Structures are given as structure tokens and as C-alpha cells.
Amino acid sequence: MSTATSAGRSSATRRRSTIRRRELFWAAIFLLPALTSLVVLRIVPTIGAVVDSLYKAFPGGIIPATFAGLHNYRSLFDDPNFVDTIARTLIFNLIINPLQICLALLVAVLFVQRIPLVGIWRTMLFIPVTIPIVGSCIAWGAALDPQGPVNALITALGGEPQPFFTSPNQALACIIVLASWIGIGYWMLFLIAGLQSIPGELYDAAKVDQAGPVRTFFSVTLPLLRRPLLFVLVADTVANFVLFVPVQLLTQGGPQGSTTLLMFEAWRTTYGYGSRNLGAAQVVILTAIMLVFVLLQFRLLREDKDNR
Amino acid sequence: MLTTIAIVLGVAFVLPAVWILLGSFRPNLEILTTMSPLSWHTIIPSELTLENYRRLLVDSGFTRALFNSFFVCLVSVVMGLLMSSLAAYAVAVFTFPARNVVFAVIVISFMIPFEAIAIPLAQQFTDWGLGNTYVGLILPGIGNGLAIFNLRQHFLSIPASYREAAMLDGASEPRILFSLYLRLSGPALTNSALLIFLGQWTAYLWPLLIVSDNDLQLAPVALAGTFGEHAADYGQNFAGAVVLSLVPAFSVFVLQRFFGRLSIGSGEK
Amino acid sequence: MTSSNPFTRRQLLGGLAALSAAGLLGAAGCSSSDSGGTPSAGSTAWSLPSTDPTATIKVLSILDLKTANMQPVIDAFHKAHPTITVDYQSVPFDSLNSTLDARIANKGGDPDIYWADQPRISALAARGEAEDLTAVFSDTKDKFDPTAYDAGVYQDKLWALPIANSTQLLYYNKTLLKKAGIDLPSPSPDQRMTWEQLTTDAKKAKDAGAKYGFLFGQFDRYYQLEPLPVQLGGSVGASGDGNLTPDFTSDAWVKAFTWYRSLFEDGVAPRGVKSEQTDPAFLAGQAGYMVEGPWLLPQLQASKVDWGVAAQPVFDGGKPATPTGSWSLAMNPFSKQKDAAAVFLNWMSVVDGGGYIKYRSDPELAASLEGKKIYFQKDVFSSAEGKNAADIINYETSKTAVNRVSTIGYIEFETIMNQAFADIRNGADPKTTLDKASSDLTTAWQKYK
Chain H
1 MSTATSAGRS SATRRRSTIR RRELFWAAIF LLPALTSLVV LRIVPTIGAV VDSLYKAFPG
61 GIIPATFAGL HNYRSLFDDP NFVDTIARTL IFNLIINPLQ ICLALLVAVL FVQRIPLVGI
121 WRTMLFIPVT IPIVGSCIAW GAALDPQGPV NALITALGGE PQPFFTSPNQ ALACIIVLAS
181 WIGIGYWMLF LIAGLQSIPG ELYDAAKVDQ AGPVRTFFSV TLPLLRRPLL FVLVADTVAN
241 FVLFVPVQLL TQGGPQGSTT LLMFEAWRTT YGYGSRNLGA AQVVILTAIM LVFVLLQFRL
301 LREDKDNR
Chain E
1 MLTTIAIVLG VAFVLPAVWI LLGSFRPNLE ILTTMSPLSW HTIIPSELTL ENYRRLLVDS
61 GFTRALFNSF FVCLVSVVMG LLMSSLAAYA VAVFTFPARN VVFAVIVISF MIPFEAIAIP
121 LAQQFTDWGL GNTYVGLILP GIGNGLAIFN LRQHFLSIPA SYREAAMLDG ASEPRILFSL
181 YLRLSGPALT NSALLIFLGQ WTAYLWPLLI VSDNDLQLAP VALAGTFGEH AADYGQNFAG
241 AVVLSLVPAF SVFVLQRFFG RLSIGSGEK
Chain F
1 MTSSNPFTRR QLLGGLAALS AAGLLGAAGC SSSDSGGTPS AGSTAWSLPS TDPTATIKVL
61 SILDLKTANM QPVIDAFHKA HPTITVDYQS VPFDSLNSTL DARIANKGGD PDIYWADQPR
121 ISALAARGEA EDLTAVFSDT KDKFDPTAYD AGVYQDKLWA LPIANSTQLL YYNKTLLKKA
181 GIDLPSPSPD QRMTWEQLTT DAKKAKDAGA KYGFLFGQFD RYYQLEPLPV QLGGSVGASG
241 DGNLTPDFTS DAWVKAFTWY RSLFEDGVAP RGVKSEQTDP AFLAGQAGYM VEGPWLLPQL
301 QASKVDWGVA AQPVFDGGKP ATPTGSWSLA MNPFSKQKDA AAVFLNWMSV VDGGGYIKYR
361 SDPELAASLE GKKIYFQKDV FSSAEGKNAA DIINYETSKT AVNRVSTIGY IEFETIMNQA
421 FADIRNGADP KTTLDKASSD LTTAWQKYK
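So the sequence lines, in the order shown, correspond to chains H, E and F.
Sequential numbering of the first sequence, starting at 1, is according to the working numbering.
Sequential numbering of the second sequence, starting at 1, is according to the working numbering.
Sequential numbering of the third sequence, starting at 1, is according to the working numbering.
Here chain H stands alone, though its shape is the one from the complex (with noise of 0.2 Å):
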């Protein structure tokens, strides 16, 4: 008997050892496309980036390159409007992501109840997201112009007109006022889904035991929306934290500098002054941050699926 088991535990073994290296090799196959785009999609243009940003050159990328260790990086971090860039882009993020948040959540709250018509006003505050943000950023920048019809609104309505984007003070708020107008809707699907996921019989339980709106919302409804709401507000910064587009093609950094954030500054080092190495070292900056969020995000991406 002894003799049958092995035998039958040997080629129960052998067979295991087929399928596994069988699976090996498709595994490799399949994965082979993913992995090699990884690679010169993710991976080449890093390390290419941390290695361009030890060189030092001239200007325009003809004149070979000469090493330079971590020169690129003193440099930056002793040019004081380049550290302002980075305190300007971190203090950016600290208020627009949090109130985008916020804001979406709010919003999400208010279109699960029963409204009238809901699905329709929900529609309505995600159209600014399927406008492209080059068009939202025209439209913005025409309806904030000094002569425009903002301002038309707000002296209709007795006020002063504002400076808006040629104000350094109130520039980078206008760029977070036309981000937010796209976000929220886009965010507050998330969170809506997320607040649909939560046990009706929670809130009947509430019920019973009198709870106000306030109440349920702060015992019931945050603690079980923990997870979405954190993945959304690192979500929400990985793509702040690049933000570009409105800065660009709207106040170009200025006025003053006051709307020159990380992304904008890397591109104008690299494309408009054609500072080659010295914008690949604040793009390894600027990823370094990033890596940072992304990993934060993958961590709730994941704890959050597996607890289902």
C-alpha cells in the first residue's frame, strides 16, 4: 500500500510540477507586454531623468553634457523662488484637495437623498467633466477677464470688480476655483457609489435610536465611508500635485510668480529655457513627491478591496 501511495504521491507531484512550470510560462508571456511597457513607458524615463539631472550643460542640448553630481540639486534648493515653488505647490495641495473633498462629499450627501428629478442635477454637476480642460480653461479665462461677465455679475450686483488673474493674490484661487468646478463632479460619483454601499439597515438602526441628521452622518455614515474618502483624497492630490494645463495656457506662472507650480516650472525649465539637466532634476524632484501619494493610494486601493 505503502508503494501505491508513493507512487501516486510522486506522479501527483510530477504532474503539479508540469502545471506549475506550464503556468510559469504563460505567466511570462502574458505579462511580457506589461512588463516591458513598464519598463520604457515607467522605469527608462526615470532613471533617465535621475541621470540627466547629474549632468550639468549649456542651454539647448548640442554641447555635450559634463558631470556634475548633486550641483543641479544645491542649485535648486538654493534658489529661493525654486523653494518657494515647492512650499507654493504643497501649500496648493493642502487647500485644494481637502476642499475638493469636502465639497464632493457634501454634494454626494445631498443627491442620495430623495429629490426630485435627482439623476438630473446630478448630471448636471458632472458636465464640466466631460469638457475638455483646454476648453473649461478658455471658458474660464474669458468669463474671469477684468472685463468680463463675471465681474458684469458682480458690479450688477453692487460690488467692486476684481483683478481675478492678474492678481497675484488672487490668481492661484481662480485656478482652484475653475479645478474644483470639474472635480467635485467627478469626485462626487465616487463618493456617491461609496455612500450606496452602506447597509440601509445601519441607518434604520439609527432611526430607532432618534438620531438627528448630524448625528447619523458623523457616527454611521463617515466611519463606513473611511476608505472611499481617503482613496479619493489621494486620488484627488496625485492629480493635483501635477496639475498644469490651466496654469499654462492662463497665467503662465505669473503674475508675480504667484501661480508657478512644480509641473509648470519643470516644463519651462526643460522647454522654454532649454535647461535640459536642470528640469530633469526637478522632475525626479516632483516624482519623488509623487511616489510618496501613489504609494498611499495603492495601499487604500487595496485594504479597501480586500475587506469586502
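Honestly, the hints are just simulated from the structure, not real lab data.
Values in this document were obtained by computation on a predicted structure and should not be read as measured data.
Cβ atoms here follow ideal geometry from the backbone N, Cα and C, with glycine treated the same way.
Heads up, some of the hints might be wrong.
Stated by the list, open to error - Which residues of chain F face chain H? A partial, calculated answer using Cβ under 8 Å:
hint, residue
1, GLY128
2, ARG271
3, GLY272
4, LEU283
5, THR415
6, ALA422
7, ALA428
8, ASP440
9, LYS447
Claimed, not checked - Only pairs whose alpha carbons sit at most 27 Å apart, straight line, appear in this in silico DSS-like list of lysine-lysine:
hint, chain 1, residue 1, chain 2, residue 2
10, H, LYS56, F, LYS107
11, F, LYS436, H, LYS56
12, F, LYS66, F, LYS79
13, H, LYS56, F, LYS449
14, F, LYS174, F, LYS203
15, F, LYS304, F, LYS211
16, F, LYS358, F, LYS143
17, F, LYS319, F, LYS399
18, H, LYS56, F, LYS447
19, F, LYS387, F, LYS143
Stated by the list, open to error - To spell it out: a stretch of chain H is covered by chain F in this simulated footprint if at least three of its residues, at any positions, have a beta carbon under 8 Å from a beta carbon of chain F; those stretches are:
hint, segment
20, 143-157
21, 274-280
Starting from the structure of chain H, add chains E and F where the hints point.
Frame of chain H, contents of chains E and F only:
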């Protein structure tokens, strides 16, 4: 009361979009003169015309840019879905050491926002001769982390018994993937296709960096190019924005049910 | 079913490291920044050939073939030189720099000839993006207006040939001025107004009903505003070795830009109106005065405005100075068809006053003396006011034109200056703005030292 708030919000958000839509049908001069001071005419047009669309589609090179965008988007979707399905299948169905590591690495890398590496990638592509080519425009759009993630989650939910049965019938892995799994993955595929398509349709930074040839340029960059070139031609700009919005609007409205499922914690099966 | 095989951080890093190694090999293999030593640009000796070679050359421009009426020019070249084919392409002005950087760095020889913005020629030469033309073309010096030729010179070598020039005139709307009871300015360059007088008069015109008192053709641009401090004795913006020391914080500069800011504070000129909107505004009869280039003349002729011209004003007690400069053509040092390219360059810029001037339907002020004669014969100069304009243009280009600063750091310079001007226009204090711009520029220029 809540209804009032909902209505006010809806109108407030949609108002600028309505202004763009109506403005695309108005003569440019009229848009400029009615911007200020405030009147009914700021929104309500007094004259309607198709001139903006005509000039946009017939005179300028915008139609060419639209064609480029469609072409790039469609090819990206086909190749992107292919790549994502293959990769998702591999990490969902096969068992091999470090499978989860591979999955994590792939998704994380593609979740790094494209803008972060766009500039160095553009330099590399130009060095490799891919500047001003369709290949150069299409390639970066193929890798989409969320698409792979989505498909993998969906594949995980397909019972393993289906595959075992197919294997007993002698089907090869590719056959199982294409004839079995993909057939069961309609919504997930649609989701992922939508992600890839919209990503390429709205791409601005990448075409800006990689293409300087007007004949190859994509629609969003072509639209931005007309902005500020001549005396504020808002009529034509708005027409361009409307045309560009049609595609995402259409796909979103038709597939609205599926779109919401993209989110996490939605309790999808 | 949950797939909860937790992976350790070490495994994750291990996976990333493996792929990084693959990537490193890939990146190293295709490393871009140092392939093959110094650009051996001068390896092919070339000249202006006596018989045309058979070749196709690529030309990169900022003027669209159809909408900017370049087709007749290219056709005329093909007729004169049938064995040389021109493959013509244009990009928007804003992308020209980056396109040139990328294409020339490829060392593939595309384009062979390209449009070069005159103040950027030193920068182009220093970067190795222009071919040295001295040996073949320096004998053409006397054929051009001195400032136009000098714009192509850097470190005593010639790098580009001018195809056009520019200047600025003071246009005024007779109807609006008469309405405000203002005396019409004299067209003689010796009797030009002062900016101070202009400010007062423009204010009167605005008060009498004009939408705008005064417009600059290009607000906030260094091209337009550069002569203002020069008139007061200030520098063109940089000085020192290689013009790499910022020099725009002197009293002359502060005074000039205090005046500039006052135009907007007092409502004489509008904030927010972009440079692309100024021409249409004047042509629609909305402005009393405008300082703009000669390209406005054909449009003025076609408009309903009753217009007149005078010379650009000068500050009280200052010396007249006017903006100048336009486009030149340069050759790619890696071009594989330098002889054919030289033929094109010569035909466009030198022969018969320049093919570009002769065959382009939009009248373009020539940089060459012979081209100017052709230019002044265009019918836009046949009216009485047109003749005044011709005299002023001739005078200014010969006597009061001041080139923009010639520095290899021009791109950083112009970007920072234009931003500073825009800030001053929006109300920032001129002295602090100029001081900050100066320190920003010093930082940006460190890489050249």
C-alpha cells in the same frame, strides 16, 4: 428645501457650460460685446449662426486634429485592452512566486501620474526617433494602472472551475482568456476601455511635448493653439470645446451605469 | 474570495530593483546626452555654388504657407532654382525654440534653414545651433541696414542673415482727436511729440469719448518697451562681459517704467487688453493713439478710420530711440545640404533685395537697402499719409533704431522681463519689481558663467 439647494447647485455648475454651448452658436463679436455689462444677452443669444463650426471644421486644421485624436484613441484602446487583459489574467489566474509583487509593481508604476515622467519620456522618445509619429502618441496611453486593476479584480471573481473545465477540454491558456474570460467580462472591459479612451482623448501635455508637426497634432492641443493667436476668437474656441466634449459626454451618458462602478467600495460582485 | 497574500516590503523593493536594473541597461544603451564628442559641425566645407546642386532642403518657419501667404515666395524660388526643392514647414512662434532645440540636437540635419528671431541669434550660436556664415556671406554687410546686419553677428562672426526689419510709428485717429480739440501731431521726425505730451492728449481723447486713450501694439513686451529707458540714457538691459550682468535697475529704467505704470493707473491705457487685441481695437476706431509697426498700414487703408502718422514720441530731454529687429534665417550646422541651403538663404535675403520681400504679397519692411526701395513702392505708401509713413520709417530705421540686447542668455532675459512688465502694468511698484527681476535673472544666468 434640499431640492432648492440641488437646483441652485445644478444650475450654478452647468451655467458656464451652457455659456460655452450657446456661445459656440453666436457670432464672435456678439460674445465679446455682451460679456459686460450684465444683461440677458450675456447668456441669451440674439443671433444664432453656424459660422464658428464652419470655420472650425472647414477652414482651420481642426478636422485633421479630430481625426488624429480618434485614430490614436481607438488604437490605444485596442492595444491597451489587449495588454491589460493579458497582464490581469496572469496575476489573477496563474500561481507563481511573487505574483502579488508583480501585480503591485505594475499597478503602482502606472499609477504614477503620467505628467510626472512626461518630460523625460518625451526626451527619450525624441532620441529614439518617435517624435512626431503616431507610434509616439499612442504608446504611453496603453499603460493604465486602474484598467489592469479593474480587470484583475473582475477575473478573480470568475470561478476557477470554469477554467479547470476548459483545461480538461484541452484549451490552451490564450484560448481560455479570449474565449472564456473576456466573454464574461463585458462591463469590466467597457470600464477599462473607457478609461483608456478618455485618457487619450483628453491628453494635452503629451501631444504638446512630442508633436510639433501640425498635421499630427491632437485636438486638445490644436484647440489651445488657436487660443490667443488672433484677437480673442471665443466663438471658434467654444465651438472647438463643444466638439471635443461630445465624445466624453456621449460615452459617459450611455455607459452611466457602468461608470459609477469604477469606484471602490461599491459592493460590486 | 480574498487574495490576501501579504507581500513584504523587501519583496516589493526586490521586484522594483530587478526592473530598475533592466531599465538602467535600457537607458544606458540609449543614452542621449553624450553620444559622440563635440558637434563636428564644420566637417563639411560649403560655399555658394555657381551651379545649383540637385537637392531637397527642409525649411522651418513660423509663417504658415497658406494663411501667411508664403506660397508665392516658395513658388518663385522653385522657378528661379528648379533643381532645388523646398520642403516647407511652419510651427507656432511659441514652439519654435523647443522645436529647434529638439530637431537640431538630433543631428539629422532637419531643418536645413530655419527662421531665427534676431535677438536670439547669440543664444543660438552659443548653443551650437547655427552654422558660421562669415566666410561666405560677410561681404553682404553693406547691403543691409546696419542694425539689421549686426543682429546676426556674435563674437565677430556672422550667424544669420536678416530677411525683414521693423520699426514703430505713432498712429492717431483724426476723428477722435478733433472731437477732443487736440492739435494733430506733425509727421516730421524732427518734431516728434514727448511721451508727457502724448499722455495728456490721450487722456483728453479718452475723456471726450474714445474707448482707449492710447495703446501700445504689444503691451508688456520687451520688443516694444526697450527703447523707453534707452531714451533716458539707460542701458538696453544687460551689460558686462558677454552682456550677462542684468542692468535694468538704474534711475532711467525706474523713471521710464513709473511712467509706464501711470498710463494704466490713470486710465489712459487699459489693463487686461492683450497684444493680439490691440490692432483690431485701433482698426475699429476705438483708440485715440497707438504706437505700432508698419504692418498696420495695409489694414488701416482698408478700414474706416481717418488716420494719420507721426514719429514715435521721446521722453522730454531724452534722445529718440525706436524698437527694431525682426526675423533672420540661419543654417543648421548639421545640415547635409549646405550648398543648396546657401542658395536658398542667399535668394531669400540678398538677391534683388531679397526674394522674401519681393514675392510676399503682405508688404514687409526690408532689412536690405534695395528691398526697402521695393517696399516703399507698394501702393500702401501712395496716399499723403502713406508718404509720411514712408519718410518716418526710413528715418527711424537708419537713425534711431536700437537693437535689443545681444546676449546668450536672451531667452531667460526676455521671459523674466516680460513678466516684470506685466506685473508693473497690473500695478506693482516699478523699483521693487525691477530689483526682483534682476536677482531672478542673476540666478537664471548663473549657468552661463
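Now for the hints, and whether the structure bears them out:
no.	hint	in the structure
1	GLY128	holds (4 Å)
2	ARG271	holds (6 Å)
3	GLY272	holds (5 Å)
4	LEU283	violated (19 Å)
5	THR415	holds (6 Å)
6	ALA422	holds (6 Å)
7	ALA428	holds (6 Å)
8	ASP440	holds (6 Å)
9	LYS447	holds (7 Å)
10	LYS56(H) <-> LYS107(F)	holds (20 Å)
11	LYS436(F) <-> LYS56(H)	holds (26 Å)
12	LYS66(F) <-> LYS79(F)	holds (18 Å)
13	LYS56(H) <-> LYS449(F)	holds (12 Å)
14	LYS174(F) <-> LYS203(F)	holds (15 Å)
15	LYS304(F) <-> LYS211(F)	holds (16 Å)
16	LYS358(F) <-> LYS143(F)	holds (15 Å)
17	LYS319(F) <-> LYS399(F)	holds (11 Å)
18	LYS56(H) <-> LYS447(F)	holds (9 Å)
19	LYS387(F) <-> LYS143(F)	holds (24 Å)
20	143-157	holds (count 3)
21	274-280	holds (count 5)
Going down the numbered hints, you'll see the structure goes against just number 4.
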